[in-house]
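Using the hints, position chain B against chain A.
There are 2 protein chains.
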Amino acid sequence: MAKPKKPRRPKAETPKGFRDYFGADVTERKAMLDKIAEVYHRYGFDPLESSAVETLDALGKYLPDVDRPNAGVFAWQEDDGDWLALRYDLTAPLARVAAQFRNDLPTPYRRYAMGPVWRNEKPGPGRFRQFYQCDADTVGAASVAADAEICAMLSDALEAVGIDKGDYIVRVNNRKVLNGVMEVAGVLDPADPDKFEHERGIVLRAIDKLDRLGEDGVRALLGEGRKDESGDFTEGAKLTEAQADVVMGFLRVGIQVNEQAKSRQFTRRHLPNGLKEHFDNLPKGIVGGPMAFVGEADNLLSSSAAELGAWAASQLRDLVKDSEIGNSGVDELEQISDLLAAQGYGPDRIVIDPSVVRGLGYYTGPVFEAELTFEILDEKGRPRQFGSVAGGGRYDDLVKRFTGQAVPATGVSIGVDRLLAALRAKGRAGDSLQGPVIVTVMDRDRMAEYQAMVGELRQAGIRAEVYLGNPKNFGNQLKYADKRNSPIAIIQGTDEAARGVVQIKDLVLGARIAESASLEEWKSQPAQFEAARGEMVAEVKRLLAKEEG
Amino acid sequence: MAKPKKPRRPKAETPKGFRDYFGADVTERKAMLDKIAEVYHRYGFDPLESSAVETLDALGKYLPDVDRPNAGVFAWQEDDGDWLALRYDLTAPLARVAAQFRNDLPTPYRRYAMGPVWRNEKPGPGRFRQFYQCDADTVGAASVAADAEICAMLSDALEAVGIDKGDYIVRVNNRKVLNGVMEVAGVLDPADPDKFEHERGIVLRAIDKLDRLGEDGVRALLGEGRKDESGDFTEGAKLTEAQADVVMGFLRVGIQVNEQAKSRQFTRRHLPNGLKEHFDNLPKGIVGGPMAFVGEADNLLSSSAAELGAWAASQLRDLVKDSEIGNSGVDELEQISDLLAAQGYGPDRIVIDPSVVRGLGYYTGPVFEAELTFEILDEKGRPRQFGSVAGGGRYDDLVKRFTGQAVPATGVSIGVDRLLAALRAKGRAGDSLQGPVIVTVMDRDRMAEYQAMVGELRQAGIRAEVYLGNPKNFGNQLKYADKRNSPIAIIQGTDEAARGVVQIKDLVLGARIAESASLEEWKSQPAQFEAARGEMVAEVKRLLAKEEG
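As you go down the protein sequences, you meet chains A and B in turn. UniProt numbering puts the first sequence at residues 1 to 549. UniProt numbering puts the second sequence at residues 1 to 549.
To be clear, the hints were calculated from the coordinates, so they are not data collected in a lab. Wrong hints could be hidden among the right ones.
[As the list claims (entries may be wrong)] List time: in silico DSS-like cross-link candidates among lysine-lysine, alpha-carbon distance up to 25 Å:
# : chain 1 : residue 1 : chain 2 : residue 2
1 : A       : Lys30     : B       : Lys35
2 : A       : Lys400    : B       : Lys472
3 : A       : Lys400    : B       : Lys483
4 : A       : Lys400    : A       : Lys195
5 : A       : Lys400    : B       : Lys16
6 : A       : Lys122    : A       : Lys16
Excised from the complex, chain A in its bound form (with noise of 0.2 Å):
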């Protein structure tokens, strides 16, 4: 008779564009994340942990003729017909509670959400299918007061992860002035919002690759189009030459801004430490400090706030001429920029920005976006910027596709994975995991006086460990501490014991000798002491504190 076959052997593999997250990675995250968190806290914003799960009717990508979900999400069919999916983001979601709980919940509902979302996307190089979003939304309240305290909010929350004033500016558009602006130009009609769709799709391409193209390159695809370095061509919006200049005159505000935000930025950082402080508290008292609505001005700090504003919006104006969308758009920015500028919230912090675009098309209003202006260097060493962090906006219309009634809201999601490797970059992600103390076995008989030891260095809130794998080889013992990042090992044989003492090895110490150290040094063992038994807690408390002072 045959054998019956072996069962297969699973592979041990985290699934495709999946990862797993080990020590210092968790726990540098969390730092980062109770640090944002407490500024949430701080802004009256309650957290929610809704389920990673939803039906796939409620998160909005079924396609009513198809029988299949549409692409994007995990989903699955459960057994009576209904599909669920994991949530793609944590705004689709908030939609759902604010509808589901419009009677409990208070009005305005401010809250805040981190966790895991899924994407059901080709993995590629540093693409995940699960990462980390962490977001703060307003539902329910209208005003702009609401947008601008998620800007002061979004600003207060990186600084308090360890991003600098100066390493970072929050852009502010609103895509009202944006239309205002379509609509002098010719390609957006109010009677009929769906007329030059096709060319307001490739305008508001266009502006979005400022960085990349330059002015000319934006130019060129308000126009014919552009070719690319490669030969390829790419269609523009056909705009006429007054048609692409009142965009291009739009988009220049957004350019003099940011080099007068960059050339602040610039004037603080090289200032010295003391007159740093004395240059932050400028724009609240001295000059009055809105946001930058700077252009002709040479110096910022030569301008006073009202005369800055003044140009700014008249510069705005002049563009969305007699656009009502355009003008209330202007209003709004012009409103955000007094309410930021009384809590002290200066254009080296938050600045207008007529470039900002925000890909979503659910957008109505403000919208906002957090670049760090640093440079790092990339895999090949060249300087580059870091680049955008977090980004949100106004949304009037997302909880109305469940109750049929306009709910205002608005929101910023921060990029989990991108400001903690920003941290990582600046050196700012907090302690690496520090190693436990390491209580090496030599005698297996007398396990149990080890872990007497490591009792009483636990008690004294040391992180410490008794080597708990095979004994018999010393050696595996310090290679298994070295692994573990351990400071320190203990190390008690019978002599030791009989005498009452043990021996304490500085590992750290030990590692600086063994790079550079003679055969001499190396013999007499400076790294290693011998010390009693009942010192052993405090001769390790002194050296802890030694290594890290």
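For chain B alone, kept in the frame of chain A given last:
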């Protein structure tokens, strides 16, 4: 032409069996997990966050001869034909990670993990399809010192979150002792491990029901069977009297241990505070303090550790006779007892209890369970024991699935929701989320000034918001403050602004007065006072400190 149908509105509903967590639900759990993580960290455990999604293959839930994955997990098929699934616990992913990264991880590998898991089960009251687990495991340590360490750490973790000594007990058993007893009772043949599997299953389930059925009930199930109150008959294991005596003798050791442990906890609970400490220190020093191998001794305080250990060990050795596996199990329990005693964990915290079975088939050695011993009132007002909040044990075969090589492992899982419920019942779940100070909006045009106020409060570390709803109806603003559990409202109308003052409304005192005040008291408004604008932050601080004190 017929109008196109309006798109159907999706239902705003959490999927069946799932739930959302709001505010304090989130922060209280987080505070508890943070405290547990601190203990795990001190014991040298590193965090691991594996992906929520695993291949179904790796989870081991795939039945080779059916098309669909096994029930119990949420799974879906990828376009390439692979099945993915949400993890149903944190142990299966650990086994996968330990196999996948075996060349990079330290050996032994101590890791903790906290996060949601998903079960595709019929939801019921209080039973959810997504819930938190909090695990700690040591992979690659064959020594029972690893098991002892887990028990000590569990004890420390429970105390760290606010379960007092005397309010919990960690029970330890060993599957090997149980197997030895089974062997002696004639329902386990070491030469043919599959024989009597049916009978053993009944015996294990009977032991597991000791708490509910009592000795007589278990005895009935070991024999012919048992009729319950409703008249339903449960078939028994059909053991002979002599066979059943062996199992009952074993169980009785457990019963005596439990009685001793409880009387010891009772004794401690009724000692004056100063003596409690003295009592706690006894096991370590004076009576020597191994875990409660407690039996004939009437009073733990009067017995020396050596005597107790010797008595209990001899009882168990008598029971397992010359079963090899049984004797090795008793050896291990003795070792665990000694190791814990060396660290000062006496029978008031950790006891040997032969009635602990733990359902899961994969345990191979020591098993443990933490039970809360205080009483709470159930929904009908009847006192009942809180019961089990954590459990675990040694499972030496899980990693083998992947690599073919046996890897010893042991660990514990804390039932996060149950433990949190216990803390709430004890009033130890931490401060509920404090509401923000609300700056009300009396005058919409002066929003910038209100924003400045709230900015100052936040700068001073005070949780604060401006009311961002429609400010027209002032009553709604106070209702909002009430819903947010706000301690204080700030009011500044045109008049107050002109005079440079604000009104500070003490909402906590106000609520108290509202309950009992006469009309005169109400009118005199002792809960509201005026302060200079420049003193606002200081006055709010003073008031908050008073309310906390």
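Holds or violated: are the alpha carbons of Lys30(A) and Lys35(B) at most 25 Å from each other? Answer holds: Lys30(A) to Lys35(B) is near 14 Å, not above 25 Å.
Straight-line Cα separation of Lys400(A) and Lys16(B) no greater than 25 Å? holds, 23 Å
For the pair supplied as a hint, Lys400(A) and Lys483(B), confirm whether the alpha-carbon distance does not exceed 25 Å. Holds, at about 24 Å.
Regarding the pair Lys400(A) and Lys472(B), is the alpha-carbon distance no greater than 25 Å? Between Lys400(A) and Lys472(B) the Cα gap is close to 24 Å, so the pair holds against 25 Å.
Verify the proposed pairing of Lys400(A) with Lys195(A), using a straight-line Cα cut of 25 Å. Distance ~24 Å between Lys400(A) and Lys195(A) Cα, so the pair holds.
Are the Cα atoms of Lys122(A) and Lys16(A) separated by 25 Å or less? The given pair, whose Cα atoms are some 9 Å apart, holds under the 25 Å limit.
Violated hints are absent here; each numbered hint is respected by the structure.
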